[in-house]
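*Asks:* Sequence:
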Amino acid sequence: MAKGKNKDLTELKKKLKEGKTSPLYLFYGEESFIRAIYVERVSALVPDGGFPEFNHITLNGSDIPFSEYDDAWESFPMMTEKKLIHIKDSGIFSLKSGVSSASTEEKKEFWSEKFKRLSDDTVVIFDESNVDKRSALYKAAAKAGECVEFAYLSEADAVTWVIKQCLDAKKRISKDNAYYLVTLCDKGLSNVNNELQKLIDFCGNEIYRSDIDRVVSKSMQVVAFRLTDAITERNANKAMSVLTDLKTAGESAFNLMYLMFSTFEKMLHAKLLQGASMGEIAARIGVSPYIASKYIDGARGFSEDALVWMVRRIAEIDLAIKEGAIDEYGALEQYVTECIHFMQK
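Position 80 of the sequence shown, counted from 1, bears residue number 98 in my numbering, the numbering being contiguous throughout.
If you're looking for bench data, these hints aren't it; they were derived computationally from the structure.
Ideal Cβ placement from N, Cα and C applies to all residues, glycine included.
Hints should not be assumed to be uniformly reliable.
Unchecked claim - Cross-link-like lysine-lysine pairs, in silico, DSS-like; alpha carbons within 25 angstroms at most:
no., residue 1, residue 2
1, 182, 216
2, 265, 236
3, 132, 100
4, 193, 205
5, 106, 31
6, 134, 157
To be verified - Restraint-style ranges between C-beta atoms, simulated for each label pair:
no., residue 1, residue 2, range
7, 216, 32, 31 to 37 angstroms
8, 48, 290, 26 to 32 angstroms
9, 32, 82, 30 to 36 angstroms
10, 355, 54, 40 to 46 angstroms
11, 40, 355, 58 to 64 angstroms
Input sequences plus hints: build the corresponding full structure.
*Replies:* Shown next as structure tokens:
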């Protein structure tokens, strides 16, 4: 996370530890797992008084009518000092408004008035996936309460998190194995946590790499790299084994083909950016430095001409699938075979 984001989160942690709440929170960002944790931490500071239906109100989605928000906003807490309103994915802070009968201007006016009339007996949490920091409502929320962004953790922070979770579960995992686990999962602690819980349930006192290979469901991006490695090695048996495993698992051949297209395209960009720093290449192709290193390493096994051909050929096969000339898995197998033959020329 960037320094500014860390500062906001550090201040939030400090206040919550002291038992202090704000009248308004805007939690947003791609790391939904940590967002959910902080929603729970704020909620825990607002007791429901035994009447959760009155004192802990959740409103989910962008199509909630104004009247429902009014009812929640204006009601009094029952048998407790404060009530909590948890508003999830309202969409009011994004550039494009969500589906609603009200116009964008009506929404702005409605919420601007609400933010001006916050009550001491109410804590409101907006829990959003996306916001536009330039919007008037974001600025109004920042003025009225606290805005905290939850971005994906860096790989180093995710590794630290995995090690801590293992310690809490009285399990051991080496830093290298924690790093290996993180790199096998899709982005986001929710994905890492799902796989880690499987390992904690499966393993003894220590989690080894062999356990990770046996238990963890590898992300499709990792599978795409396995296929590109097989193509680089001109190893048809290895490539077909990967495809057989995917077919048995019921994975979408079309999704994997798209990932291969994206992988070869990024490898091509990495090859064309030879001489640039790792950070610059990562920024240009829109991935973390670790993943950028995978693309750079992978690109070394291909010529520029090969990568251009592989990107173009996928577009042709995609058209053949859409025209019904070949089924998805047949097309994927044909494409991988053609790539290996191209590399053998």
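*Asks:* Does residue 157 lie within 25 angstroms of residue 134 when you go C-alpha to C-alpha?
*Replies:* Distance of about 12 angstroms is within 25 angstroms: holds.
*Asks:* Okay, residue 48 versus residue 290 on CB: inside 26 to 32 angstroms?
*Replies:* For residue 290 against residue 48, whose Cβ atoms are near 28 angstroms apart, the range 26 to 32 angstroms holds.
*Asks:* Is the Cα-Cα distance between residue 106 and residue 31 25 angstroms or less?
*Replies:* 21 angstroms, holds
*Asks:* For the pair supplied as a hint, residue 265 and residue 236, confirm whether the alpha-carbon distance does not exceed 25 angstroms.
*Replies:* 14 angstroms, holds
*Asks:* Holds or violated: are the alpha carbons of residue 182 and residue 216 at most 25 angstroms from each other?
*Replies:* At roughly 16 angstroms apart (the allowed maximum being 25 angstroms), residue 216 and residue 182 satisfy the hint.
*Asks:* If I claimed the Cβ atoms of residue 32 and residue 82 lie 30 to 36 angstroms apart, would that claim hold in this structure?
*Replies:* Given about 32 angstroms between the Cβ atoms, the range holds.
*Asks:* Given the range 31 to 37 angstroms, decide if the beta-carbon distance of residue 216 to residue 32 lies inside it.
*Replies:* Cβ of residue 216 to Cβ of residue 32: about 34 angstroms, so the range 31 to 37 angstroms holds.
*Asks:* Check whether the Cα positions of residue 132 and residue 100 lie no farther apart than 25 angstroms.
*Replies:* 17 angstroms, holds
*Asks:* Take a quick look at whether residue 193 and residue 205 sit within 25 angstroms of each other, Cα to Cα.
*Replies:* Roughly 18 angstroms separates the two Cα atoms, so the pair holds.
*Asks:* How does the Cβ-Cβ distance of residue 40 and residue 355 compare with 58 to 64 angstroms: does it lie in that range?
*Replies:* Given about 60 angstroms between the Cβ atoms, the range holds.
*Asks:* Should the hint that residue 355 and residue 54 are 40 to 46 angstroms apart at their CB atoms be regarded as holding?
*Replies:* About 45 angstroms separates the Cβ atoms of residue 355 and residue 54, which means 40 to 46 angstroms holds.
Comparing the model with each numbered hint stated earlier shows that all of them hold.
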